[in-house]
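> Below, each chain spelled out in residue letters.
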Amino acid sequence: MMNLDKQKELVTAGPGTPAGTYLRSFWQPVALSRAIGEGLHRLTIMNEDLVAYRDGDAVRLLGNRCPHRGAALHNGRRLDGARVQCAYHGWTFDAHGQCVAQPCEPPESTLAARVRIPSYPTLELHGLVFTYMGAGKPPPFPRPEHAERTDGVHNTNVVTWNCNYFQCLENNPDPMHTAFTHPSMKLWTKSVPRFEIEETDYGIHMRAIRGDYVRHTYFRLPNVLSITNEYWQPPTHVTTWIVPVDDTHALTFRWFFTPAPNWRVRLKAHLAWRLLQHRLDAIVDEDKTVQEGQGTIANRSLEHLGNSDRGVVILRRRFQEGMRAPRAAPAEAAVVET
Amino acid sequence: MMNLDKQKELVTAGPGTPAGTYLRSFWQPVALSRAIGEGLHRLTIMNEDLVAYRDGDAVRLLGNRCPHRGAALHNGRRLDGARVQCAYHGWTFDAHGQCVAQPCEPPESTLAARVRIPSYPTLELHGLVFTYMGAGKPPPFPRPEHAERTDGVHNTNVVTWNCNYFQCLENNPDPMHTAFTHPSMKLWTKSVPRFEIEETDYGIHMRAIRGDYVRHTYFRLPNVLSITNEYWQPPTHVTTWIVPVDDTHALTFRWFFTPAPNWRVRLKAHLAWRLLQHRLDAIVDEDKTVQEGQGTIANRSLEHLGNSDRGVVILRRRFQEGMRAPRAAPAEAAVVET
Amino acid sequence: MMNLDKQKELVTAGPGTPAGTYLRSFWQPVALSRAIGEGLHRLTIMNEDLVAYRDGDAVRLLGNRCPHRGAALHNGRRLDGARVQCAYHGWTFDAHGQCVAQPCEPPESTLAARVRIPSYPTLELHGLVFTYMGAGKPPPFPRPEHAERTDGVHNTNVVTWNCNYFQCLENNPDPMHTAFTHPSMKLWTKSVPRFEIEETDYGIHMRAIRGDYVRHTYFRLPNVLSITNEYWQPPTHVTTWIVPVDDTHALTFRWFFTPAPNWRVRLKAHLAWRLLQHRLDAIVDEDKTVQEGQGTIANRSLEHLGNSDRGVVILRRRFQEGMRAPRAAPAEAAVVET
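Chains as they are written, first to last, in numbering that gives the first Met the number 0: chain X, 0 to 337; chain B, 0 to 337; chain R, 0 to 337.
If you are wondering where the hints come from, they were derived from the structure by calculation, not from laboratory data. Heads up, some of the hints might be wrong.
Said to hold, decoys possible - Some residues of chain R that are not near chain B, with every Cβ distance over 12 Å (derived):
#1 Gln6
#2 Ala146
#3 Leu304
To be verified - Some, not all, of what chain B presents toward chain R, calculated at C-beta under 7 Å:
#4 Ala57
#5 Gly135
#6 Phe179
#7 Thr180
#8 Thr288
#9 Val289
To be verified - Computed footprint of chain X on chain R, listed as stretches where at least three residues anywhere in the stretch have a Cβ under 8 Å from a Cβ of chain X:
#10 174-182
#11 289-300
#12 306-316
What you are looking at is a predicted structure, and each value in this text was computed from that prediction instead of being measured. Backbone N, C-alpha and C define an ideal beta-carbon position, used for all residues, glycine too.
Throw the hints in and build the complete structure from the sequences for me.
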């Protein structure tokens, strides 16, 4: 069980909150690359309104609130030179958030030079846009294993959850639920695995053991899960980031890498991605049923944890430790062995 | 008028509240029998999430929250032996709420034996499922008059109200509103009755007198109304229970009994039920207009009560007395004379 | 910037609030004349529920809550003699809000004589229904300039805003936003005007200067804007009232007068009104984008005001002064020079 005050700290990730500060000390995915074009796109990430747009090779990410009178910048205009112009009085910001024009102010005004909006660095990896929304200089981006590989097929997707992000998070260091939550994964429902768990520097390493078959799950704090999915063929490495939208919505971004030593496997991987989406959808629907069914924000004060929840217990403790010391050596730098 | 604090106590009926405890000390209808099948049905009654299912001759009624991690049991599975299995980690409960399996826990675990969810006794009467959600041993079920009769036609229905239950309740010891609220009941709108009211052990007995015609209304505390409806022929005894869903929704369950001394009247009663539903619907719509129009939760601090509200005044006083002494000799045991 | 407490006082206009009392000390439009017929029409104005109906030459405007048990009067019946009967127990009110019948009360009852509901005086002007909802005797209605003219075409419309009224209000003493908010007004977007502002007895006089062309804007406290629109031909005088519905919705009532010295101009004015509605709609949509985009209730604590916001600053100061001394000589009596 968890008292409601402790829980409250975990479930809200706005600017300045303990969980929000902790999550912001890591690079986080915020959008699919293909969703961000030249125009202005509104995003909400960790209770912050943002506007994103493509600027040549870069994705720009700014705060969405005009500091003049509070209009939403995504309603404005994209100008040449990657500038954004507010639709209310024309205040204009460059790609780094500096106010560069206030056309309704007199020429001698020095106000523009003193006005900035938040601007966040971005990078793209295999179809995901990442950003760093924390304080200070961004830490190095932790390139995941397989990120550089060209001998295979890379894919990504995103799912919106109508519940608090922390219950999505808790579903990850939890290899036992598969047998009950996922009837669509017939193979797995045949048996409850033996479950070994090991706390590591980067987070949690779990082994779900069914006879000779061992399935490894790597949970990297604060919010990244790596598994190798042998549920369909060819086997695919799946990395999942769980990101809060606001207190009652979350996103999961997934990056799939299928090694393909030859054209036959590569073709098979492409076909699987196109033809088997309904199976991925079914798994997600099953997860949504239980996680959203826990309530918009789950009430953890009524729960009874058991042996199967060892991963959840470790996650909560380590996440709380992370909130207390959010600026320690960033865990993302850790190499995840797979 | 009624100050807002007093009113607040009347309008919320969750577990542990004065009104909730009082209402829970009586058997209450929670569903139509025909709505509950073998599968898992979610209900909300008096701010409690419940799951109901049919188990041979019995209807089972359990709390809907899995005590493990808070998943909703109605998303789970019905297993053999009237067991319910949670869709998250397979915790399984028998028909009495005892946890009988935790397949993700090690064999030596004793946790299951110590875990129970709320389980409520049920009984069915002429198409209504009743339960007792109070503390201690259930009181005897007060079989209403006519309950045993086979010389007639029994019917039931349920209506959902988009407002607080207490304003539905107050509409009952109020025989005067008919003349103004129900233009569809043409006969009644011709005249305002003379209105006699008598406080009784079980609650309130009202007489609406129009010349030689006297219409009796029996209100049994805390929430049951009995009338004989001569609005359509053949005359029909109607018993209504008003049950809170949550603070802003309520249900009325109605049981109709039409005595039918011969096959002609029986046929007529069957036809009336099938062909005259639109007239019942019209009456309900007229009632919804005024009761929901009082506001989601009516503000009683602005009202001006008159002679016609004697029933409402008695209801409130007796309901408040009932809340203060909720475990006194249960009023349901009283025989209602009709 | 504006701290949140000060802002809170400006944005809520219910009965008894400083802003609500101030606005109520002026005649306000509440409906289009053509929207009010013989039947009962529900309105919400400044957080008050009202019922309006036509009674011969007059529009009647009463509080919508029956003081008996709180039913909504608009669900009731219009009776002969301009009376309104509640649908619950038949309490009946005359056109001035006096309770004249309580048919469920005994004949000797004197309760009716002591019961009144709010009743507000009304008058109509060129298709708008105005009322005075303040305390005491209504001030004289300030007949706007051009009100008496018959040498032209009068029109009116109303728009509902899904945001707080005060951000609609702030958009008015703000002639600069046109260049950026209204691409549909091509002529205007060509240049940012020079902007002169003058505080006056009645409020604010602004001049937007583009070369030889000077556009005058007259803002009359607390909530009336007068401009002459030369955006389309023939030139049209537009008077706008901004009226709160509740904290998150507002109405703007507009009265358009196009002087027409001959039948050719008159015909042109009629055709323009009928054929160019899509251009008015476009302007409104552009305004809605920025004003609703500021948030349901804008957060003014984050803003950075500049030279272009002089009108907004004066509006806020004068509105706050008006709230502090709401019953001073009513500013509506001032003659607006145009």
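> Minimum Cβ distance from threonine 180 (chain B) to chain R below 7 Å?
6 Å, holds
> Please check whether phenylalanine 179 (chain B) passes as an interface residue: C-beta within 7 Å of a C-beta belonging to chain R.
4 Å, holds
> Measuring Cβ to Cβ, find out whether alanine 146 (chain R) lies farther than 12 Å from everything in chain B.
38 Å, holds
> Within the segment 174-182 of chain R, is the number of residues with a Cβ closer than 8 Å to a Cβ of chain X three or more?
holds (count 5)
> Taking the minimum C-beta separation from leucine 304 (chain R) to chain B, is that value above 12 Å?
40 Å, holds
> Using 7 Å as the Cβ threshold, decide whether threonine 288 (chain B) counts as touching chain R.
5 Å, holds
> For the hint on alanine 57 (chain B), does the least C-beta distance to chain R fall short of 7 Å?
Violated - the Cβ of alanine 57 (chain B) stays beyond 7 Å from chain R, reaching only about 42 Å at its closest.
> At least three residues with a C-beta closer than 8 Å to a C-beta of chain X: is that true for the segment 306-316 of chain R?
Held - the segment 306-316 of chain R has 4 residues with a Cβ nearer than 8 Å to chain X, which meets the minimum of three.
> Verify the interface restraint on valine 289 (chain B): the C-beta must sit less than 7 Å from at least one C-beta of chain R.
Holds - the Cβ of valine 289 (chain B) comes within 7 Å of chain R, reaching about 5 Å at its closest.
> Verify that the Cβ of glutamine 6 (chain R) lies farther than 12 Å from every Cβ atom of chain B, and report whether the claim holds or is violated.
Its Cβ never comes within 12 Å of chain B, the nearest being 27 Å, so this holds.
> Measuring from the C-beta of glycine 135 (chain B) to each C-beta in chain R, is the shortest one below 7 Å?
37 Å, violated
> Please count how many residues of the segment 289-300 of chain R have a CB within 8 Å of a CB from chain X and say whether that reaches 3.
Contact hint for the segment 289-300 of chain R vs chain X: holds, 7 residues under 8 Å.
Violated hints for the displayed structure, listed by number in ascending order: 4 and 5.
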